[in-house]
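Chains as they are written, first to last, in my numbering: chain A, 1 to 482; chain B, 1 to 643.
Just so you know, not all the hints are guaranteed correct.
Just so you have them, the derived chain B footprint on chain A, three or more residues with Cβ under 8 Å [said to hold, decoys possible]:
#1 165-178
#2 204-210
#3 215-227
#4 275-289
It is worth saying that the hints were derived from the structure and are not from the lab. No residue lacks a Cβ here, since even glycine has one placed at the ideal position from N, Cα and C.
What follows is each chain in one-letter form.
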Amino acid sequence: MIESRLPDFMTALPEIWLAGAAMLLLLIGVFRGNGGTRMVSWLAVVAIAVAFVMVAVSPAEREVTFAGMFVSDSFAKFAKELVLIGSAATIIMSLGYIRREGMERFEFPILILTATVGMMLMVSANDLIALYLGLELQSLSLYVLAAFKRDSLRSTEAGLKYFVLGALSSGMLLYGCSLIYGFTGTTNFDSLTTLFQGDAQAGIGLVFGIVFLIAGLAFKISAVPFHMWTPDVYEGATTPITAFFAAAPKVAAMSLFVRVLISPLVGVAAQWQQVIVAIAIASMLLGAFAAIRQTNIKRLMAYSSIGHMGFALVGLAAGTTDGAQSVMTYLAIYMVMNLGTFAAILAMKVKGEMVENVSDLSGLARTQPMLAFVLAVFMFSLAGIPPLAGFFAKFYVFKAAIDAGLFTLAIVGVLASVVGAFYYIRIIKVMYFDEPGDAFDLPVAGELRLVMTVTGLFTLLFVVFPTPILAWAQGAAAALIP
Amino acid sequence: MIYVLIVFLPALAAVLVGLLGRRLGDRASQLLTCLAVTASALLSLVVFFDIALGSGEPQRVQLLTWILSEELRVQWALYVDTLTAVMLVVVNVVSALVHWYSIGYMDHDPHKPRFMAYLSLFTFAMLMLVTADNLVQMFFGWEGVGLASYLLIGFWYEKPSANAAAIKAFVVNRVGDFGFALGIFGIFFVFGAVDFASIFQTAPNVAGKTWTFLGMQLDILTTLTMLLFVGAMGKSAQLFLHTWLPDAMEGPTPVSALIHAATMVTAGVFMVCRLSPVFEYAPDTLAVVTIIGASTAFFAATVGLVQNDIKRIVAYSTCSQLGYMFMAVGLSAYSAAMFHLFTHAFFKALLFLGSGAVIHALHDEQDIRRMGGLWSIMPLTGIMMWAGTLSLAGIPFFSGYYSKDLIVEVAFAGHGLVAQYAFWMALIGVFLTAFYSSRLMWMTFHGPARAEKSVMAHAHEPPLVMGIPLMILTLGAIAVGFFTHDYFTGHEMQEFWRESLLVLGDHDPIEAAHHAPLWFKFVPLGLAGAGIALSWYMYIRNPALPRRIAETNWPLYQFLLNKWYFDELYDLVFVRPARWLGRTLWKGGDGRIIDGFGPDGLAAMVGNLARRAGQAQTGYLYHYAFAMLIGIALIVTWFLVAG
Chain A
1 MIESRLPDFM TALPEIWLAG AAMLLLLIGV FRGNGGTRMV SWLAVVAIAV
51 AFVMVAVSPA EREVTFAGMF VSDSFAKFAK ELVLIGSAAT IIMSLGYIRR
101 EGMERFEFPI LILTATVGMM LMVSANDLIA LYLGLELQSL SLYVLAAFKR
151 DSLRSTEAGL KYFVLGALSS GMLLYGCSLI YGFTGTTNFD SLTTLFQGDA
201 QAGIGLVFGI VFLIAGLAFK ISAVPFHMWT PDVYEGATTP ITAFFAAAPK
251 VAAMSLFVRV LISPLVGVAA QWQQVIVAIA IASMLLGAFA AIRQTNIKRL
301 MAYSSIGHMG FALVGLAAGT TDGAQSVMTY LAIYMVMNLG TFAAILAMKV
351 KGEMVENVSD LSGLARTQPM LAFVLAVFMF SLAGIPPLAG FFAKFYVFKA
401 AIDAGLFTLA IVGVLASVVG AFYYIRIIKV MYFDEPGDAF DLPVAGELRL
451 VMTVTGLFTL LFVVFPTPIL AWAQGAAAAL IP
Chain B
1 MIYVLIVFLP ALAAVLVGLL GRRLGDRASQ LLTCLAVTAS ALLSLVVFFD
51 IALGSGEPQR VQLLTWILSE ELRVQWALYV DTLTAVMLVV VNVVSALVHW
101 YSIGYMDHDP HKPRFMAYLS LFTFAMLMLV TADNLVQMFF GWEGVGLASY
151 LLIGFWYEKP SANAAAIKAF VVNRVGDFGF ALGIFGIFFV FGAVDFASIF
201 QTAPNVAGKT WTFLGMQLDI LTTLTMLLFV GAMGKSAQLF LHTWLPDAME
251 GPTPVSALIH AATMVTAGVF MVCRLSPVFE YAPDTLAVVT IIGASTAFFA
301 ATVGLVQNDI KRIVAYSTCS QLGYMFMAVG LSAYSAAMFH LFTHAFFKAL
351 LFLGSGAVIH ALHDEQDIRR MGGLWSIMPL TGIMMWAGTL SLAGIPFFSG
401 YYSKDLIVEV AFAGHGLVAQ YAFWMALIGV FLTAFYSSRL MWMTFHGPAR
451 AEKSVMAHAH EPPLVMGIPL MILTLGAIAV GFFTHDYFTG HEMQEFWRES
501 LLVLGDHDPI EAAHHAPLWF KFVPLGLAGA GIALSWYMYI RNPALPRRIA
551 ETNWPLYQFL LNKWYFDELY DLVFVRPARW LGRTLWKGGD GRIIDGFGPD
601 GLAAMVGNLA RRAGQAQTGY LYHYAFAMLI GIALIVTWFL VAG
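Bound conformation, chain A alone (with noise of 0.2 Å):
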């Protein structure tokens, strides 16, 4: 007699009160009607900011439900408070965006809601099945967000790349995962585990298997080879998007890697070290190389992010529970100067037109000094420049990585990032001794002052208060290693 039994819901109760608050939301949107977009888009923040209650209480011990498909451990639970965060975050800034652009449908948020949802699956995955399905309920939204802007010619070809790419990804995804499961048996991440602990010796077929899966990752996170889609959809997209892709997305699929290669697949380290080596050294240096020539803020900021993944690879090819917690630090401390430059970016506003070229910020600090401060802060901290939070999130995984005896990778990210502070620092030039061009309007909205405020003080005062951060990816990471 087969036993059936309810599974524990509780354990994922904020995916279920998300998904269901996004079902909701669909209701009163199609009731409402356009116009209460603004009021979706608020009642969205609302859910999110519940679903981060949730988390925040949820216990930290690990918990498994859904028949070993789910898992809720502290890693978990900072990546998902990340993410929250990152998505609340980006509700926020596009409430103005949205309705000047002629692009207020409640659906916006409610795509925003489900790729959330499909985010935390990811994190949560504790199997290749729920990872793919995670994975796809978060892209699957995206390519929607991505060619939101219908009437617009680009907005519209860069869902179409990222969906065709994604999809390829995705299939590379798939296959990897097949083969691993033909040649273990399983597909859930405990037996991995179990399965490679030891002296185990990846087979030729299992090698292939999980080459296939991590390309199928690094797809997700634009790490070399598999990034060319990430200038043109950062570009393409509309700017709130493209501030959401640079920051929940990143982090939970960055998360999902680091899970993925630290739980079950550590046993064969030295196969997949090499591997993550190799694509964080290409990432970091076409991230530091390829922005140099770029005048338009957006897609710079898209070779950026390609860049920050290479050196958040860096941590998690050290292989170690120090390396997941630098990656964990990079993740949190990367996402909030994205989101406030991101911020900074979408103030760029001349006569009522977005603009996004380099050039445009010229003079910006006699014209708006406070402005120009904030994203100088954000500047110097994406190049890592101590004393602010960039250098630290640099600090970490490069030690991780030196610790790990990777000396190779060290200097190869070291001497990527003095490269990379060329353009970051240009900007800054750009800003305070060029010639004032047009200014930009006034007043800048106050959700996005808000959002520039708090992640401009974080940036600022995280080398005073490193504790927290620290002290979370220290306990994520370790829950990774029972």
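Based on the hints, put chain B in the right spot on chain A.
Below, chain B without anything else, positioned relative to chain A:
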């Protein structure tokens, strides 16, 4: 306390005037520095009478500890014995007179406070040098006077020639200072101390020992003293390192009188005398010192014969007289050298300041071919300069007579080839000195006036503020030798110098010189007289003769006029290769290699890579998909091959 005041009054004045000169104003700046240095000079005289002439013991005043590092212990201390007391008088008296004189001479200059501050700064550095009780402190003063000299030569910084001369003086002195510094290092290495007391105590034990230096087995003390002497050569403009001194005449004339005649250039002589307890144990070095000194005395005198710039003639004369001093030092006649240093300070400062009065009167004319006939206009200056000239020429009972004749006699009484060489050089030098110094006088004050009428019409005696210092110096040039020769080199010698100079062996060269035959006393005198007479004949009686001689001996004349082509030689041997090397390293080494591969090359490479990375982003979907597939294919291949 009195010693501290002597040294630091000028320093205080220099700092006050240097920093606050603009606020104080010209007159206050001048008075402040003049009074400070004058007070210092009067106190120096008190010290001189107490320690040198009286029975006061040598004094050591500890100021501060400078460096304390394991074995290396350096103190800031003032050490005053007879040798220092003599130098204090020379430096402070001449400096005070030059300070006052400068008030008149620099009357039209817009930067008076700066000038006065530099002069006082120089005085302070020179006093540090002469009161040093260890080599490091002496080096501090040594570099300090070098700095002040550089600043003052280049005082008129708008003049390119003045800047060039200042740099030349500094660079040539660096060569000497390099030797001096090496000598100090060596002394610390060998003696484990840098203070004079310890060095002098240990020196006899080191004498005769050898070490390996530059791969050669050399006598330790000879090596060290040679290095120190290189320093002295640079500072005192001895042959091979003399080229900066004539050029230094680009500075204002009071500077030439103070720094480049009376005080700084004699620092080398002073240094060797101070270190006589070390040099005495290095007879080889002393021989070299004698040869260099004698050669300089001769060389500079020959060049002086044909120069036409009034200040350059006096400058070469200084160079030549310094040669005499070193000649005496080399022959162990330290007291004679110091005596000549002492008298020379008066008559040479007098000649320089007198020349300054002439230049001042003739509106900055320095060429003696455009002078002449000034006797009727400024007889007082003429008389005073004649006193200086006769003193320089060694005419009896002028100050220079006592000191210079003594040196010639020391050389005469010396034994060996070196002394012989020195003697002949000195003797010829006496004749040449008398000739060129009286030539200067004939050309300047006598004969027909060759300056333009308008210039001559404005010529005048110097104002009192310049005249009185001249008179005081004239008194010194006439009488100081007569009154002090007994102390410096006569019967009172032992009580005068006491422990401050050391002469080894039973034979005292001074003693030997005094036993020179009576007839010999008349030889230098005759030569000097002949020199003066000949120059009178050539420049007053038969003014066409010099040109004829020059034309018949054209190569020789050119050789002398161009200062034995030393500048040209150095230009060829040192300056051009250095410049070539510099250019090569700059253009080739730095520009092409370091910049090319470094900053510029890297930047270009980054730009290039950036362009290519951008080009890869074609915008075509199938390119992107292809890149992903290629990427995964590469990774898989890598595993197949490597793993």
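Could you check the structure against the hints above and give me the numbers of any it violates, in ascending order?
-> none
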